[in-house]
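Asker: Next come the chains, spelled out residue by residue.
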Amino acid sequence: MTINLKIWRQKNTADKGGFQEYKLNDVNEHMSFLEMLDVLNEHLIKEGKEPVEFDYDCREGICGSCNMVINGRAHGPKRLTAACQLHMRNYNDGDTIVIEPPRAAAFPVIKDLVVDRSAFDRIIGAGGYVSVRTGSAPEANLIPVEQETANTAFDYATCIGCGACVAACPNSSASLFTAAKLSHLNRLPQGKPERKKRTIAMVEQMEKEGFGDCSNYAECEAVCPVGISIASIAEMRKSYVKAVF
Amino acid sequence: MNLDSKVPSGPLEEKWSNYLRDIKLVSPNNKRKHKIIVVGTGLAGASAAASLAELGYNVETFCIQDSARRAHSIAAQGGINAAKNYQNDGDSVWRLFYDTIKGGDYRSREANVYRLAENSNNIIDQAVAQGVPFGREYGGLLDNRSFGGAQVSRTFYSRGQTGQQLLLGAYQAMMRMVDAGKIKDNPRHEMLDLVVVDGKARGIITRNLIDGTINRFEADAVVLCTGGYGNVFYLSTNAKNSNVTAAWRCHKRGAAFANPCFVQIHPTCIPVSGDYQSKLTLMSESLRNDGRVWVPRKKGDDRHPNDIPEEERFYYLEERYPSFGNLVPRDVASRNAKMVTDDGLGVGDTGLAVYLDFRDAIKRDGEDAIRARYGNLFDMYQNITDENPYKQPMKIFPAVHYTMGGLWVDYNLMSNIPGLFVAGEANFSDHGANRLGASALMQGLSDGYFIIPYTIGNYIADADLEEVSTEHKSFGEAASASQKQLDKLLSVKGDKTVIEFHRELGKIMWDSVGISRSKEGLENAIEKIRALREEFWQNVRVPGEANYYNKYLEFAARVADFFELAELMAIDALDRDESCGCHLRDEFQTEEGEALRNDEEYSFVSAWEYLGVNGKLETKLHKEDLEFEFVELKQRSYK
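One line per chain: the protein sequences are A and B, in this order. For the first sequence, position 124 (counting from the first letter as 1) is numbered 159 according to the working numbering, and the numbering increases by one without interruption. For the second sequence, position 485 (counting from the first letter as 1) is numbered 506 according to the working numbering, and the numbering increases by one without interruption.
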């Protein structure tokens with residue numbers, strides 16, 4: 036099938052950037068979205084032009100690299116699906132698709148669709164861990180965890196750190212990312228001792244990085260490819276208020 | 022070349038504890054004077070970096086992704102083994118050791134594997150303490166599941182995302198040390214060369230992938246945790262950025278490359294569907310707990326699978342291996358899939374697929390039970406193939422998954438270049454000729470958390486390390502060699518893209534150095550690899566420039582390394598006149614079509630020394646003889 040593309044091209048962080056249009060005639064419906072971009076790049080290289088840069092790695096929906104905004108929606112039209120797991124059978128012959136980087140002041144564009152998400156690493160570094168030295172852990176079954184608690188902690192722990200939540204939020208808030216980690220660690224017995232310190236440090240780091248506040252739009256939950264619940268944001272606020280006062 | 026394995030003497034059970042008793046220590050005051058470079062931040066790299074920094078060393082980490090958290094360890098699904106015997110089903114350190122040695126077809130080092138089994142329990146303790154949310158029973162204690170190649174239930178899991186959760190645990194521990202200032206983290210950097218001064222590894226050359234600058238970093242030791250090289254086949258279950266460059270450049274600086282031909286082909290992947298395809302997706306081995314593998318008995322039977330009656334279905338694994346059935350190890354399952362498709366019994370448009378059928382399990386346990394067990398995998402399958410696996414069997418086929426070969430290391434996980442340590446999939450040491458399920462995560466974390474931190478201390482305490490600056494001539498020479506290679510790639514300006522070359526190379530490798538190999542096929546492949554490599558350097562087209570973000574330039578340099586490695590893999594496969602584990606030579610099979618080992622002549626590790634590339638790869642074989650003091654070598658049988 037034929038697909039018309041409007042893709043954001045930007046040479047580097049300082050460049051202003053703008054959309055470029057491309058027409059691709061040899062799209063197969065079984066291709067993944069990223070394979071379609073690979074095909075576009077093969078054409079561009081053969082024509083002596085510069086290929087479109089985008090981030091990807093596992094192409095199995097788990098590494099979190101491939102976030103891009105497709106027709107205004109982070110990771111594209113399918114719910115609970117990362118861009119790399121989106122397939123061209125979701126589009127029709129002749130469709131126009133607009134592709135942009137996930138935009139936020141805290142995610143500067145490196146080139147084209149590639150952005151710098153290292154702010155997320157600094158939020159984790161501020162407190163997104165349990166302080167346990169290698170070799171000093173007690174026998175694993177000495178820390179029983181209620182099955183339901185373990186399951187809920189797991190649900191929040193599955194965040195892939197792609198930044199779709201930030202891209203979708205009108206305030207560019209990283210609340211869903213930060214809250215998911217807090218909801219994972221704060222509810223486990225292992226994470227309880229550092230709960231207050233962790234909550235304050237991660238929330239404050241998030242602000243320092245230039246992410247906006249949460250205003251309950253819930254767009255983050257709507258686009259999250261792994262279905263992290265905004266209930267975690269309510270938990271984060273409660274923990275923060277309790278920790279500060 | 023010195024291949025002293027440095028395995029401690031004494032009884033197997035006491036080797037590691039005796040070693041720990043005798044190692045030299047670096048005092049806390051002195052640790053902060055030493056710097057260690059860790060390349061790669063997957064399970065092995067992140068856990069090693071975190072542990073070394075906690076001890077007080079200054080650590081500098083490098084990875085090619087935009088964050089340490091994205092290493093491909095994150096994609097491991099099924100689980101991690103440990104000998105906790107929580108199930109009370111007779112498991113022990115000895116049994117885990119024995120299963121791993123047998124599963125690897127007796128081509129790994131006894132002492133290393135025993136230590137791996139010993140460390141396995143500490144890994145679970147460590148991960149649980151970090152808050153890794155493993156599956157639990159109602160009583161709040163940890164749950165286990167079973168995996169191929171073992172008859173006990175010893176696999177710990179976090180649904181189908183065990184690798185993700187273990188990696189996040191190690192990554193979080195690492196980021197804690199970054200925040201504390203003990204680790205300097207460098208994402209989006211690729212290691213291009215190793216710097217050797219006075220015979221010791223003293224630093225690396227990297228390329229900053231954002232601005233293209235070539236940079237120099239010095240250290241007292243370098244730890245390589247850069248994963249495997251399955252992407253040499255183009256299509257594999259590896260992440261797209263997984264590559265061999267760091268290890269290969271170390272090989273070119275003198276590090277021996279061991280057992281390069283031992284490549285695991287995983288039996289349950291979604292089959293290849295078209296030329297545009299960029300990678301393959303694994304379906305967890307755990308599916309074979311309930312799925313039944315079959316093909317039609319009749320050639321060319323193109324009826325819908327649901328219309329093929331029971332008596333016309335060939336459940337080939339259950340028929341041939343009654344005691345393990347669908348849970349035979351990966352090499353056996355993959356080989357049998359190839360045999361039936363070679364016989365013309367394959368299904369699907371390409372004929373290169375077999376069915377994995379849940380019909381009987383759904384009839385027995387109900388669709389809800391199957392959904393609870395495998396729901397996310399079924400959804401993933403449906404998303405990729407557009408077919409509903411609850412209503413018709415999945416189509417699966419083997420795909421390249423894990424490389425057991427890698428840089429040669431001794432018991433300290435140090436290569437034959439002093440100061441260069443290699444951990445996780447990047448080394449060769451623990452899996453022999455075939456890796457059992459749920460043992461890769463175990464090895465990465467055992468190496469990173471529990472071995473490297475001790476053995477590096479032992480090295481540093483003993484080594485005579487003079488101060489070296491990045492102005493040293495060895496740094497200059499390595500940096501300009503790296504720059505030259507990139508300039509050369511950009512200057513070819515040919516007609517064929519990097520991806521086209523890589524795809525062609527991959528096809529040669531899959532056809533002749535894949536599930537089974539033959540003398541004639543390998544000789545032929547070597548010729549074809551050489552010719553294609555020549556063409557690559559004459560006719561590759563690399564877009565853009567070197568001084569900014571340029572993914573295709575990265576690819577080009579990696580594919581250049583894959584071309585050289587590919588030849589070594591074929592040479593190694595040709596040299597080994599036997600079949601073992603994932604290395605099947607057509608000429609060496611039992612009458613029943615099982616792999617036929619030759620322990621008399623081939624019970625050794627092949628360690629290759631690089632001599633140069635001049636139209637062809639010049640290389641020299643060194644052998645580390647494997648001695649089996651504690652287990653008896655037997656023909657593996659899963660009948």
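Everything labelled a hint here was simulated from the structure, so no lab data went into it. Be careful, since some hints might not be right.
What the hints assert, rightly or not - Ranges of calculated distance between the beta carbons of each label pair, as one might list FRET restraints:
1. B:Ser512 <-> A:Lys41: 42 to 50 Å
2. B:Pro29 <-> A:Ala278: 45 to 53 Å
3. B:Asp483 <-> A:Asp151: 40 to 48 Å
4. A:Asp248 <-> B:Ala502: 19 to 27 Å
5. A:Asp151 <-> B:Asn39: 43 to 51 Å
6. B:Asn229 <-> A:Glu82: 50 to 58 Å
Note that this is a predicted model, so its numbers are computed, not measured. Ideal placement from N, C-alpha and C gives every residue a C-beta, glycine not left out.
Asker: Under the constraints set out in the numbered hints, which ones does this structure not fulfil?
Answerer: Structure breaks hints 1, 4 and 6.
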